[in-house]
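Order-wise, the sequence lines are chains B and F.
Oh and the first sequence: position 321 is 320 in numbering that gives the first Met the number 0, straight run, nothing missing.
Oh and the second sequence: position 112 is 111 in numbering that gives the first Met the number 0, straight run, nothing missing.
The reader is advised that the hints may include incorrect statements.
Unchecked claim - Listed next, with one range per pair, are the computed distances between beta-carbon atoms:
hint, chain 1, residue 1, chain 2, residue 2, range
1, B, Met378, F, Gln18, 56 to 66 Å
2, B, His8, F, Lys98, 37 to 47 Å
3, F, Pro44, B, Asn168, 47 to 57 Å
4, F, Lys98, B, Gln6, 52 to 62 Å
5, F, Lys153, B, Ser59, 38 to 48 Å
6, F, Gln37, B, Lys338, 26 to 36 Å
These aren't lab readings, by the way, just hints derived from the structure by calculation.
The beta-carbon is built from N, C-alpha and C at its ideal position, and this holds for glycine as well.
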Amino acid sequence: MSIDMVQFHQVFFEESFEGLDTMESGLLNLDMGDVDVDEINTIFRAAHSIKGGSGTFGFSAVSDFTHVMETMLDEMRDGRRKVTKPAIDVLLGSVDCLREMLRAIQNEDEINLVSVAEHKAALENALNNTDVNSSQSDQFIPPLINVATPVAADSQVEGWVISFSPHVNLLRTGNDPVRMFRELAELGDFTVNVDLQGVPDLYDLDAEDCHLSWKLIVNGAISAHAIDEVFDWVEDECDLAKQAIYSQMATHLPDVNISDVSLNVIASVAELSNKTEIIQHAEVIHKEDKDESKSSVAKVSNSIRVDTGKIDTLINMVGELVITQSMLSLVGEHFEVTKLDQLKNGLSQLERHTRELQESVMNIRMLPISFVFSRFPRMARDISSKLGKKIDLKLIGENTEVDKTVVELLSDPLVHLVRNSLDHGIEMPEVRLAAGKSETGTVILEAYHRGGNIVIEVRDDGKGLDKGMLRAKAIEKGLIATDAVLTDKQTYELIFMPGFSTAEKLTDISGRGVGMDVVRRNIQALGGNIEIISELGKGSTIAIHLPLTLAILDGQSIAVGDEIYILPLGSIVESLNIKEDRINRVGGKGETFLLRGIYLPIIRLHEIFNVPNVKATKLTEGLLVVVEGQGERYGLFVDDLLGQQQVVIKSLEANYRRVEGVSAATILGDGSVALILDIPGLVRLSNQ
Amino acid sequence: MTELNNLIGSEFSDTNSLQFLSFTLGNEEYGVDILRVQEIRSWEPVSRIPNVPAYEKGVVNLRGSIVPIIDLRERFNLDNIVYTPLTVVVVLQAHFEAKTRIMGIVVDTVSDVINVDKKNIQISPTFGTKVSTEFINGLVSVNERMLILLDVDKLLKLEGVTDEHDNYS
Numbered sequence: 000m001s002i003d004m005v006q007f008h009q010v011f012f013e014e015s016f017e018g019l020d021t022m023e024s025g026l027l028n029l030d031m032g033d034v035d036v037d038e039i040n041t042i043f044r045a046a047h048s049i050k051g052g053s054g055t056f057g058f059s060a061v062s063d064f065t066h067v068m069e070t071m072l073d074e075m076r077d078g079r080r081k082v083t084k085p086a087i088d089v090l091l092g093s094v095d096c097l098r099e100m101l102r103a104i105q106n107e108d109e110i111n112l113v114s115v116a117e118h119k120a121a122l123e124n125a126l127n128n129t130d131v132n133s134s135q136s137d138q139f140i141p142p143l144i145n146v147a148t149p150v151a152a153d154s155q156v157e158g159w160v161i162s163f164s165p166h167v168n169l170l171r172t173g174n175d176p177v178r179m180f181r182e183l184a185e186l187g188d189f190t191v192n193v194d195l196q197g198v199p200d201l202y203d204l205d206a207e208d209c210h211l212s213w214k215l216i217v218n219g220a221i222s223a224h225a226i227d228e229v230f231d232w233v234e235d236e237c238d239l240a241k242q243a244i245y246s247q248m249a250t251h252l253p254d255v256n257i258s259d260v261s262l263n264v265i266a267s268v269a270e271l272s273n274k275t276e277i278i279q280h281a282e283v284i285h286k287e288d289k290d291e292s293k294s295s296v297a298k299v300s301n302s303i304r305v306d307t308g309k310i311d312t313l314i315n316m317v318g319e320l321v322i323t324q325s326m327l328s329l330v331g332e333h334f335e336v337t338k339l340d341q342l343k344n345g346l347s348q349l350e351r352h353t354r355e356l357q358e359s360v361m362n363i364r365m366l367p368i369s370f371v372f373s374r375f376p377r378m379a380r381d382i383s384s385k386l387g388k389k390i391d392l393k394l395i396g397e398n399t400e401v402d403k404t405v406v407e408l409l410s411d412p413l414v415h416l417v418r419n420s421l422d423h424g425i426e427m428p429e430v431r432l433a434a435g436k437s438e439t440g441t442v443i444l445e446a447y448h449r450g451g452n453i454v455i456e457v458r459d460d461g462k463g464l465d466k467g468m469l470r471a472k473a474i475e476k477g478l479i480a481t482d483a484v485l486t487d488k489q490t491y492e493l494i495f496m497p498g499f500s501t502a503e504k505l506t507d508i509s510g511r512g513v514g515m516d517v518v519r520r521n522i523q524a525l526g527g528n529i530e531i532i533s534e535l536g537k538g539s540t541i542a543i544h545l546p547l548t549l550a551i552l553d554g555q556s557i558a559v560g561d562e563i564y565i566l567p568l569g570s571i572v573e574s575l576n577i578k579e580d581r582i583n584r585v586g587g588k589g590e591t592f593l594l595r596g597i598y599l600p601i602i603r604l605h606e607i608f609n610v611p612n613v614k615a616t617k618l619t620e621g622l623l624v625v626v627e628g629q630g631e632r633y634g635l636f637v638d639d640l641l642g643q644q645q646v647v648i649k650s651l652e653a654n655y656r657r658v659e660g661v662s663a664a665t666i667l668g669d670g671s672v673a674l675i676l677d678i679p680g681l682v683r684l685s686n687q
Numbered sequence: 000m001t002e003l004n005n006l007i008g009s010e011f012s013d014t015n016s017l018q019f020l021s022f023t024l025g026n027e028e029y030g031v032d033i034l035r036v037q038e039i040r041s042w043e044p045v046s047r048i049p050n051v052p053a054y055e056k057g058v059v060n061l062r063g064s065i066v067p068i069i070d071l072r073e074r075f076n077l078d079n080i081v082y083t084p085l086t087v088v089v090v091l092q093a094h095f096e097a098k099t100r101i102m103g104i105v106v107d108t109v110s111d112v113i114n115v116d117k118k119n120i121q122i123s124p125t126f127g128t129k130v131s132t133e134f135i136n137g138l139v140s141v142n143e144r145m146l147i148l149l150d151v152d153k154l155l156k157l158e159g160v161t162d163e164h165d166n167y168s
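Next up, chain B with everything else stripped away, as it sits in the complex (with noise of 0.2 Å):
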């Protein structure tokens, strides 16, 4: 009997995926020199069910590849190798590797063959932990580093051999290489070879399009950081593989100079980059960093794993329901008015079962937000090791849960808000001790609810925003007059503007307008805000306030002229009737009621909606509900209050648009529809 392998694909890719990611998170637990047997049984426990699912589906590139670092791993728990920044730094890099093979294999992609024979190389040799040697040499692929693979001791390093290969918009984005080769020709003694292959013919010729690559040679004590630096502003507009040229290279050569090794060392590298290779992966690594967030979400948006916990309280609440149905279609059968009572008790035994089972069918939804802070500690490592910086990062509130859209919607802005704080807001060491604050830089990444809606925050006691330079940085770019005047809030408001640091990137403060917009065009689309609190010196917060799920809502509804509209529960902070002599006028227009010592500004609905038949125009003669929307109160003028009930929330843009004041609709109880109301648009609008 023959059994279809393909309908157990999915499961072993899930799973697997799963296996990695607790690799990860575990390899970045361990603690330098000291074994943690748990961790790596953990962490041996995942390697080893990936190779084996990997045999048993055939994909022996795979299985070859984790029994190597299942070796490692091995002998890491037995206590016969010690756990090293080397060690683990390759076992990372082969994490990586893996995860893109089981991608390949996935999408039915080729398996880049020299990034993984690089990382097998790369573990082989750590594991004999005896550099290359002659013997080896034939097979030996040198182990080309990447940025994210820091090498493992610079202090034999002898030289480097790079290739650099500009993409073609390397010059439009107004880097030069011959600047850059001056920086590398300081650090040693430089040789340049060029390849002119790429350059079309003359009337093919671009003038401002970059078709040529270099094999660069840097002889001399450099280490990978300041390699890194010289290359930093280009990265993602070139493909880059460095190698180090090891001393070691040199004593089982001693008849060769040094230059004629990194002469091999080219020649070898030239007939790899003669397969194309090379460069392929390397641009499969940049592309990756970027694609990882999107095609992670679309793979996993088929299916879900839910807590068996889940399952069962779900089944208990159906059993329950069947009963109660059977009991009422009992009742139903004879009925006679003496079994009303019976009936009643039916129905309200009816109504709370149904509204458990929506809440544990909504229940099965939710997932940890871990789901999206797991990458984090990864990216403060890879960020920090690049940059140079210590940076302590904490999660709090991981298992509180959300919604599974909003987990996969929210992971692309909030990596975006991370790589900002660790990137921007977190200074170097040097610069933090000068300010009188502890050399380690803390990034804190919390998670909590707060009424019906889940608080994110990314705090950083970095540097913080300049209100002064924000200002002058709008006001250059015409976003705001000369004079205008901004309040704090306005001020960091600026950097949600479009457009506002697409300059200048060089400059220390413009990097965290980068994208914004779209962050926060993300997180409004998942019917969310965000806000910034920060203070020059002493770092930044940002929060994101989201709705737990994004399919139903407790919701009052509200009357105004004929219309029935829809406030979110959560929203409201109370509800009054109010007296003339509390109502005062801002300029003759603006309306404020004094609340307990505060003014707020009144806005009156069926103005700004343009509601015909009106039933409360005198503001005594309606009701003023008081509402909270981005940290700040109003008050809201409708005719009336009715009912609170749950509603479920209908996309208006599916068949329509966004309407401002409005973030979506949903129907009534009498088939007809009514629309939810948005605070912060409602705000935009009255103060138009």
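Put chain F on the given structure of chain B with help from the hints.
Same frame as chain B, now just chain F:
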């Protein structure tokens, strides 16, 4: 014209005949590709949408979807006619960026399903700025009467109905 060619090319490659649902707006007769018509309903009260042009009457609940209703007479600046129980809403499917959107248009009466030989379809002439021809796919003569063929996808683009990026809807 390219749209028309596409239309003809994709859906009617084996025949020269196209089918249109014809309806009237005031004294004029219009037609839409019958394959885009999802259903025909009677007018029912809509939920008003604040701060939109008057011809965007509002939204209704169509079996769980929120569907906008647009009054074509008002859109084309024809005389307003009082809505009666006989007023008709034609529910159309429009394709936009690989997505299907649904909208309803209010018309006076639905008259017929008409077979049109695609050779007889004349490209809409330009009327300068006097008449907006942006939704018109072509003109055809049926029984001595002129039928104005509408492009459903372009109708949907009315005043930026689609100009919001709605990646999350």
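Distance restraint hint 26 to 36 Å, applied to the beta-carbon atoms of Gln37 (chain F) and Lys338 (chain B): violated, 46 Å
Can the suggested window of 38 to 48 Å be confirmed for the beta-carbon pair Lys153 (chain F) and Ser59 (chain B)? violated, 55 Å
So does Lys98 (chain F) sit 52 to 62 Å from Gln6 (chain B), Cβ to Cβ? violated, 30 Å
Cβ separation of His8 (chain B) and Lys98 (chain F), checked against the hinted range 37 to 47 Å: Hint violated: Cβ distance 30 Å, outside 37 to 47 Å.
When you take the CB atoms of Pro44 (chain F) and Asn168 (chain B), is the distance between them in 47 to 57 Å? Holds, since Pro44 (chain F) and Asn168 (chain B) (Cβ atoms, about 56 Å apart) stay within the stated range.
Starting from the range 56 to 66 Å, see whether the pair Met378 (chain B) and Gln18 (chain F) falls in it by beta-carbon distance. About 57 Å separates the Cβ atoms of Met378 (chain B) and Gln18 (chain F), which means 56 to 66 Å holds.
Violation of the numbered hints given earlier is confined to hints 2, 4, 5, 6; the remaining hints are satisfied by the structure.
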